[in-house]
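Construct all of the structure, not just a fragment, from the sequences and the given hints.
2 protein chains.
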Amino acid sequence: MKIIKYKIVIIGAGNVASQLSSALKQSKHNIVQIYSKHTSSAGRLAKSLNCSFTNNPLEIVNDSDLYIIAVNDDAVTEVVQQLRLKDKIVVHTSGSVEMNILNPSSKNYGVFYPLQTFSKNNKIDFKTIPICIEASNASVLKTLQLIAESISNNVQKINSEQRKTIHLSAVFACNFSNHLYSIALDILASADLSFDILKPLIEETAKKIKNNPPGEMQTGPAARNDKKTMNNHLKMLSDNKDYQQLYKLMSKSICDFIKEKK
Amino acid sequence: MKIIKYKIVIIGAGNVASQLSSALKQSKHNIVQIYSKHTSSAGRLAKSLNCSFTNNPLEIVNDSDLYIIAVNDDAVTEVVQQLRLKDKIVVHTSGSVEMNILNPSSKNYGVFYPLQTFSKNNKIDFKTIPICIEASNASVLKTLQLIAESISNNVQKINSEQRKTIHLSAVFACNFSNHLYSIALDILASADLSFDILKPLIEETAKKIKNNPPGEMQTGPAARNDKKTMNNHLKMLSDNKDYQQLYKLMSKSICDFIKEKK
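So the sequences go chain by chain: A and B. Counting in this note's numbering, the first sequence runs from 1 upward without gaps. Counting in this note's numbering, the second sequence runs from 1001 upward without gaps.
FYI, nobody ran anything at the bench for these hints, they're computed from the structure. Quick caveat: nothing in here was measured; it's all calculated off a predicted structure. You may find that some hints are simply not true.
What the hints assert, rightly or not - Which residues of chain A face chain B? A partial, calculated answer using Cβ under 8 Å:
(1) PRO130
(2) ALA206
(3) PRO214
(4) GLN245
Said to hold, decoys possible - Straight-line Cα separation of at most 30 Å, BS3-like style, residue types lysine-lysine; simulated pairs:
(5) A:LYS123 <-> A:LYS37
(6) A:LYS207 <-> B:LYS1123
(7) A:LYS25 <-> B:LYS1210
(8) A:LYS208 <-> A:LYS127
Ideal Cβ placement from N, Cα and C applies to all residues, glycine included.
Written out as structure tokens, the structure is:
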């Protein structure tokens, strides 16, 4: 398949902007400019991509094919106010922001939402990342699809309503799970134990739901309704009321889930 | 290294018993008998290991080197009452049960706790699983170490107090995370969306803490204190008060964690 090369401006210089622009460049697209309020981040990212950068919205070039807004959800509206791009394609990368918010910036707009967790110092392989696309019209959708498919094998057409649901589910599965890892680390550290001992378990827990529904893989004291162990755990958590409350709520939710399943 | 082959009786026929006995057999130990109250499970497991089985505690052979009790935590005490093995080594495989509970069954006892989540139909590679061992005396500890090292490269001497802490942390990192995956699936299913879309994200979330502390990898609305998105999510969850409460509590805990870190 012949891949069309697009001229792309990246708006934002954080984790998503960095990793997405790097993947696009690898697929031979032409990243022409980085815009960010934060000059130093913009400069760093532009240097790594060998392109220009600016912190002045008036200096954003107006002859690119695609403008990707990869900034914090709260900042999207603000950025949109500064863009007047007529018929150029403008997209944002957010799971929770409405597509129509982009309307003032161009008559051709859409969403390009890579469903992944992006952190500094953690290089991502885009090939397996689901990219959720949505567009203001069929022609834009086609272009977004071509670009998304040039970096990922998992491109899906997802409307705004569906995207919000996916984002909410991702908060539970990813953000909240990661915080549970932090709590586990904290509990271990308070007894001078290394978090390393949990790593194979965490990896396996995430791996086994690839081929099995998580509900059928549930193990642990709450799944067996083992009240003695749960009470002991609550006692061990008596110094931390937040962890204790979380333990109670999660365990109750697991017990309810197992009961319903039966 | 020459591996000594031990004669082993397995007490229990559930997930841990099955996977552990299979790993021990693979390392050329001699599994001589399965005991379980549940005749059919005992029979099935014995057949796969090509050994004898019984559901009568009086028929448990008394000339083996090691007796591994791999039953539910609550059932360990009951099983111990039925064992009188003098100086044979008796161990349990539980994260939360005291070692000394085994005292009546033999003067040589200990713990052999594989820190992993065992489910049906999900074959585990023991090589990377931490096995936490503890023993009533140095000689038993040495034997347990030899046996553990014959199936795993990650054997650790862990006392009962430490083991309880590790088990508690594992409930957060593994059991609770898995339940969050179930909730995510439920949220997606209620909008007719497939859980598949989340799988790369779940895998990456677990993978990235291998080389980075989870606290530094935290992403999502709560980590950015993005109140607008959090309020939208709470509205979306208004039909399910349990999920809503869990969302609030987890988000608050993440916000507090990020504040403390700063």
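Going straight from one Cα to the other, do LYS207 of chain A and LYS1123 of chain B come out at no more than 30 Å?
12 Å, holds
Given the proposed pairing of LYS25 of chain A with LYS1210 of chain B, does the C-alpha separation stay at or below 30 Å?
28 Å, holds
For the restraint on PRO130 of chain A, tell me whether the closest CB of chain B is nearer than 8 Å.
It holds, given that the least Cβ distance between PRO130 of chain A and chain B is near 5 Å, below 8 Å.
Given hint LYS37 of chain A paired with LYS123 of chain A - CA-CA distance at most 30 Å
24 Å, holds
Interface hint check: GLN245 of chain A, Cβ to nearest Cβ on chain B, cutoff 8 Å. Holds or violated?
6 Å, holds
Between LYS208 of chain A and LYS127 of chain A, does the CA-CA distance stay at or below 30 Å?
Given that 30 Å is the threshold and the Cα spacing comes to 21 Å, the pair holds.
Does ALA206 of chain A hold up as a contact with chain B if the rule is Cβ-Cβ below 8 Å?
With a minimum Cβ separation of about 3 Å from chain B (threshold 8 Å), the hint on ALA206 of chain A holds.
Would you check whether PRO214 of chain A satisfies its interface hint, that is, whether its CB is within less than 8 Å of any CB in chain B?
This interface hint holds because 4 Å falls under the 8 Å limit.
In the structure shown, no violation is registered for any of the earlier numbered hints.
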